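Engineer: So the sequence shown is numbered by the numbering used here: it starts at 10 and just counts up by one.
Think of the hints as simulated: they come from the structure by calculation, not from any bench. Quantities reported herein were computed from a predicted structural model and do not represent experimental measurements. Hints may contain errors.
Derived DEER-like restraints, expressed as beta-carbon distance ranges [what the hints assert, rightly or not]:
1) Val93 - Val65: 28 to 38 Å
2) Thr83 - Gly48: 19 to 29 Å
3) Asp85 - Leu141: 16 to 26 Å
4) Thr150 - Asp85: 17 to 27 Å
5) Ala115 - Ala70: 17 to 27 Å
6) Thr104 - Gly48: 30 to 40 Å
7) Thr101 - Ala52: 36 to 46 Å
8) Ala73 - Leu148: 11 to 21 Å
9) Ala73 - Leu141: 18 to 28 Å
10) Ala70 - Asp116: 32 to 42 Å
11) Gly129 - Thr67: 11 to 21 Å
12) Gly89 - Gly64: 19 to 29 Å
13) Thr110 - Asn139: 13 to 23 Å
14) Val93 - Tyr135: 17 to 27 Å
All residues carry an ideal CB built from backbone N, CA and C; glycine is no exception.
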Amino acid sequence: MNAKQKTTNRSNMARTLTIAAAAVLALGLGPLAKAADKGCTNATISGTFSQRGTGVITAPASLAGPMANAGTLTFDGNGGVTGVVVNSLNGTIVTGTEKGTYHVNADCTGTYTVQISPLGITGNAYFVINDLANEIQILTTDPDVVIVCVARRQFPVGDWRQ
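Construct the entire structure; sequences and hints are all you get.
Structural biologist: In structure tokens form, the structure reads like this:
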């Protein structure tokens with residue numbers, strides 16, 4: 010192999026490595042950019058979700074103990090949320106309603122606050138939207154309450170019942 014061929018081979022190898030490195034960089038950074046700006050809004054979760062939750066309430070004494078619930082949450086797309094839920098509070102069944110507000114961040118996380126009747130208490134939660142906005146993972150953020158919920162869209166986008 011002469012000097013000219015060696016120079017050409019090195020040049021071709023350098024070009025190939027540069028193109029490969031650029032491709033790896035572009036493919037690797039694309040998902041990061043997308044993850045940073047999902048573009049979620051209050052409208053992302055507009056609709057009705059069935060939800061179930063389990064956990065423990067540690068205080069006040071009248072409510073303390075294990076709990077589980079099932080019900081619906083309806084998000085209006087503009088920051089209003091309502092719900093109907095059946096709770097088992099330490100084995101005592103209590104049917105209630107929820108009404109309040111919510112806010113969705115651009116990164117598809119959010120918070121909501123509801124008034125829970127007939128218990129007369131306020132509930133606060135943090136949530137994460139996933140599965141193309143068909144599921145919401147919810148964690149209560151109130152002191153003395155450890156409850157996790159999963160809410161699934163009752164009629165996913167494109168369902169014939171919409």
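Engineer: For every hint, state whether the structure bears it out.
Structural biologist: The hints, checked one at a time:
For Val93 and Val65, the Cβ-Cβ distance of about 23 Å falls outside the hinted range of 28 to 38 Å, so the restraint is violated. Taken as a hint, the range 19 to 29 Å holds for the pair Thr83 and Gly48, whose Cβ atoms sit roughly 22 Å apart. Between Asp85 and Leu141 the beta carbon distance is about 20 Å. The supplied range of 16 to 26 Å therefore holds. Hint check: Thr150 to Asp85, Cβ distance near 22 Å, so the stated range 17 to 27 Å holds.
Separation of Ala115 from Ala70 is about 41 Å and departs from the stated range, judged on CB atoms against 17 to 27 Å. Distance hint for Thr104 and Gly48: a CB-CB separation of about 37 Å, consistent with the stated range 30 to 40 Å. Look at Thr101 against Ala52: about 37 Å separates their beta carbons, and that is inside 36 to 46 Å. Under the hint 11 to 21 Å, the C-beta atoms of Ala73 and Leu148, about 19 Å apart, fit the expected range.
For the pair Ala73 and Leu141, the supplied restraint of 18 to 28 Å is violated, since their beta-carbon distance comes to about 38 Å. Between Ala70 and Asp116 the beta carbon distance is about 38 Å. The supplied range of 32 to 42 Å therefore holds. Taken as a hint, the range 11 to 21 Å holds for the pair Gly129 and Thr67, whose Cβ atoms sit roughly 18 Å apart. Judged by the Cβ atoms, the range 19 to 29 Å given for Gly89 and Gly64 holds: they are separated by roughly 25 Å.
In this structure, Thr110 and Asn139 meet the distance hint of 13 to 23 Å, their C-beta atoms being roughly 22 Å apart. Val93 and Tyr135 have their C-beta atoms about 22 Å apart, which keeps the hinted 17 to 27 Å range intact.
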